[in-house]
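One-letter residues, chain by chain:
Protein chains: 2
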Amino acid sequence: MNGAQALIRTLVDAGVNVCFGNPGTSEMHFVAALDSVPEMRGILGLYEGVVTGAADGYARMADKPAATLLHLGPGLANGLANLHNARRARTGIVNVVGDHATYHKQYDAPLESDIEALSGTVGWSRTSTSTESLAADAAEAVAIAQSGQVATLILPADVSWTEGGVPSASLAQPVRATVSENVVQAVVDVLRSGESTVILLGNVGTRERALRAASRISQATGVKLFAETFPTRMERGAGVPAVERLGYLAEQVTYQLTDVRNIVLAGAKSPVSFFAYPGKASDLVPDGCKVHALAEPGDDIAAALEAIADIVAADVEPLLQEARRPSLPTGDLTPQNWVDVIGALLPENAIIVDESNTSGLLLPMATAGAPKHDVLTLTGGSIGYGMPAATGAAVACPDRPVINLQADGSAMYTASALWTQAREELNVTTVVLSNRSYAILKLELQRVGAESTGPKALDLLDLSRPDLDFVALAKAMGVPGTRAGTAEELAEQFREAQSKPGPHVIEAMVPTLF
Amino acid sequence: MNGAQALIRTLVDAGVNVCFGNPGTSEMHFVAALDSVPEMRGILGLYEGVVTGAADGYARMADKPAATLLHLGPGLANGLANLHNARRARTGIVNVVGDHATYHKQYDAPLESDIEALSGTVGWSRTSTSTESLAADAAEAVAIAQSGQVATLILPADVSWTEGGVPSASLAQPVRATVSENVVQAVVDVLRSGESTVILLGNVGTRERALRAASRISQATGVKLFAETFPTRMERGAGVPAVERLGYLAEQVTYQLTDVRNIVLAGAKSPVSFFAYPGKASDLVPDGCKVHALAEPGDDIAAALEAIADIVAADVEPLLQEARRPSLPTGDLTPQNWVDVIGALLPENAIIVDESNTSGLLLPMATAGAPKHDVLTLTGGSIGYGMPAATGAAVACPDRPVINLQADGSAMYTASALWTQAREELNVTTVVLSNRSYAILKLELQRVGAESTGPKALDLLDLSRPDLDFVALAKAMGVPGTRAGTAEELAEQFREAQSKPGPHVIEAMVPTLF
Chain A
843 MNGAQALIRT LVDAGVNVCF GNPGTSEMHF VAALDSVPEM RGILGLYEGV VTGAADGYAR
903 MADKPAATLL HLGPGLANGL ANLHNARRAR TGIVNVVGDH ATYHKQYDAP LESDIEALSG
963 TVGWSRTSTS TESLAADAAE AVAIAQSGQV ATLILPADVS WTEGGVPSAS LAQPVRATVS
1023 ENVVQAVVDV LRSGESTVIL LGNVGTRERA LRAASRISQA TGVKLFAETF PTRMERGAGV
1083 PAVERLGYLA EQVTYQLTDV RNIVLAGAKS PVSFFAYPGK ASDLVPDGCK VHALAEPGDD
1143 IAAALEAIAD IVAADVEPLL QEARRPSLPT GDLTPQNWVD VIGALLPENA IIVDESNTSG
1203 LLLPMATAGA PKHDVLTLTG GSIGYGMPAA TGAAVACPDR PVINLQADGS AMYTASALWT
1263 QAREELNVTT VVLSNRSYAI LKLELQRVGA ESTGPKALDL LDLSRPDLDF VALAKAMGVP
1323 GTRAGTAEEL AEQFREAQSK PGPHVIEAMV PTLF
Chain B
843 MNGAQALIRT LVDAGVNVCF GNPGTSEMHF VAALDSVPEM RGILGLYEGV VTGAADGYAR
903 MADKPAATLL HLGPGLANGL ANLHNARRAR TGIVNVVGDH ATYHKQYDAP LESDIEALSG
963 TVGWSRTSTS TESLAADAAE AVAIAQSGQV ATLILPADVS WTEGGVPSAS LAQPVRATVS
1023 ENVVQAVVDV LRSGESTVIL LGNVGTRERA LRAASRISQA TGVKLFAETF PTRMERGAGV
1083 PAVERLGYLA EQVTYQLTDV RNIVLAGAKS PVSFFAYPGK ASDLVPDGCK VHALAEPGDD
1143 IAAALEAIAD IVAADVEPLL QEARRPSLPT GDLTPQNWVD VIGALLPENA IIVDESNTSG
1203 LLLPMATAGA PKHDVLTLTG GSIGYGMPAA TGAAVACPDR PVINLQADGS AMYTASALWT
1263 QAREELNVTT VVLSNRSYAI LKLELQRVGA ESTGPKALDL LDLSRPDLDF VALAKAMGVP
1323 GTRAGTAEEL AEQFREAQSK PGPHVIEAMV PTLF
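Chains as they are written, first to last, in this note's numbering: chain A, 843 to 1356; chain B, 843 to 1356.
Derived from the structure by calculation, the hints contain no laboratory data. All values derive from a computational prediction rather than experimental measurement. Be aware that a few hints might be false.
The list treats identical chains as one, so a pair stands whether inside a single copy or across any two.
What the hints assert, rightly or not - Straight-line Cα separation of at most 25 Å, DMTMM-like style, residue types lysine to aspartate or glutamate; simulated pairs:
# : residue 1 : residue 2
1 : K1132     : D950
2 : K1066     : D1152
3 : K1122     : E974
4 : K1122     : E954
Can you build the whole structure from these sequences, using the hints too?
The following block contains the structure:
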């Protein structure tokens, strides 16, 4: 058994049985070893940003890590942006990054680069230096990933190909830390103070179990609940407590937190502005408001909320969202009516991967009472996340419909994810919101107070000239595509896509809000 | 004048008047400032890998740096792979990477990451900490780039937007170091030793002036000439001395260097294997062969070769390649006949951007006697270089036809470069060599001695199921595309593409060699 075979066996034994990859020569023994471990599924992505984004989407839905296979420093670099999103989401990923053979590195061959400098920017990293230690390194990487971190194992080619590999037993799976009774009691005191209080939910705090506990607390004490702006995975819809997300714009957050005197953090970070703006605050905690840490993202957030609920809301039931859908709208597509189509037709048990950006501003209201569903969001702000994450989510949950609501500019970062969706016959419906601009930047150009908005500036925010054709793009990747100009067309095409297996693309011609 | 305006003015005054960019919110003041400096041309890329690859292609042809505009750490990360190629090519680029405002970084907002760790992997890097010092930092970055390095200027948003910017005077342009007479004489002694000797040419050693001097030396002394495996820019064709490149495969190099006793490095590195292979040598210098350094890549390589030629070949003329083209072939496309079509029809004064990989193995022979042309190659081995580099080369040389010979797998990394070609109306003809596989990896899988080649392994090297459709992909980007199955069709479509301005894509259905 060579190193690669022992590595893959170790991953599989630890529950990591999907590997998204885009390999090169230095990873050929890993590739060859895939056939010797039947439990490992290899999935090809045509670009590393697809590979890492798929691993992120997979982990968010499977609640366990996938592996990636990447080709030296440049391959890792191509995947870093979506690893950044994973880091912010605190989803675990085990990257296997092939490297030159240990003895070959001294020659500074063309692909030589500082892999550890790159991998260190997104989490834990180790270069495995011997075939004997490789499997143990892999077991440690898996445990790190299970704790919600990106773990990168750098695998020199000779460590991979040398005989003498021995699979390693799995390490104990990390468990979430229990929040102490003292901390729980301190938050109970805050809740009973009578002051205006908000519980800010993040990490698994936006999953159903935690939401139910939080809702009981809210019902009993009157505290407001908010989810962090970009949740890793939010469970919502009919039968689940409805919780509003903090806004993306600082102005929205300031409004949402008006007169709040206490913010209780349950797996979320204290609210800050996404970007800095001249003359505006970065820290969005209102003046005089205290911030109380109930649970860190890695803590047992749901149990902490339940402990509080058992004290302050012993006999109180959560307030569950009623089933309610918008009517099917008509007419040319608008920022309002397209979300109503989605709200009206969202299938049961759907997974929404939301990278709709400005086009999706009205989406949460329209889908609030739709059948229970999950929403995955752009946690790290690094665009090009939607199509890959939808791919990974569909691999994790083959029996659930995945709906990728996708801004056009962001789609162009990692569009080859569609090809992987076609190859793996994944049930992903991608609705591309085609407003032919980086609409958010047109807004931001004003918000940052840039005085000049001449033609050269506007040209850099504009995606027309030439117009992108997402129906042709889908065809290029082997995915059927259609174009919708009206709400009726979108509804018909969305229904049609849901009725047939495999991926579909709908280019929805939704004009900008601004 | 704010910081951004002073920065752009400084760049323009130093001769950097093209900025390839993909901006975000933190770069909005830079974007707004573009209209205040008319000499700066802004060119939008839909992905950062396109932006950086275009800057590389531009610099190779313009012999001066372009700027890039990138959005924080993730934007830089997306551009790193082609910056890696630029680093290996020693082409200068001035990256401007927007960052959060200095006072905002402490809040660890979602897009916060370690930009300096990333930029440090590809070259010089500095975070500009005040509006007053920004322009001076920019002038230094330009000088670094002019010396053939990737220079990254990290630009916090507040440094950009604050008033008080003052443009900085340009620094002296770096000059290539003159090789000492002692070194020249030592090489002359080697050349006169009568031992089998090779001069290995790299950097500007593969440009016409150096090639003419090297050819004179070769004619006078009988030494063999080789170019490095992946030249930054090679001038060749009718009227230019013909020099063979060292092969990609170690076996080829071993053959090319058989019985060689001396290797003289003229801007090239000592030959090493691109990858390590079990049981095979990494260092490709033959046993007992001495390596002599005539000129480093940054030295005045052409002058050093001319100094030698003036000693050993005072009255000797270079041997120039005769004009000679293959006949136009017929029949279904093959790895041989498609290159003959290119050789037969290559227009005058063309720029070939070669990322044809295995499909292009026979290309050098077929184009050897075509009209004089430049060839840009994949210097760093990081695929996804061709389409962006062709874009930049066409911006640098609007009056020259650019021919991008492009492997299909690599094309999928950065295909949105086609959109920029359409927007900027660039004269780029892309011939996609569509063999529907990572053919080189099928070869490498055997070469690394991987024993198993089961179906799961082969699946990761295969680009069919579904077939990619590059005609549709071109259409998606606003570029006219056609498909050629025979040599006659390829010839007709290639002629047609040359006869019309703007970009064209031809998908050439060339089967794999292996």
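Hints numbered earlier in the text: which of these fail when held up against the supplied structure?
The structure breaks none of the hints.
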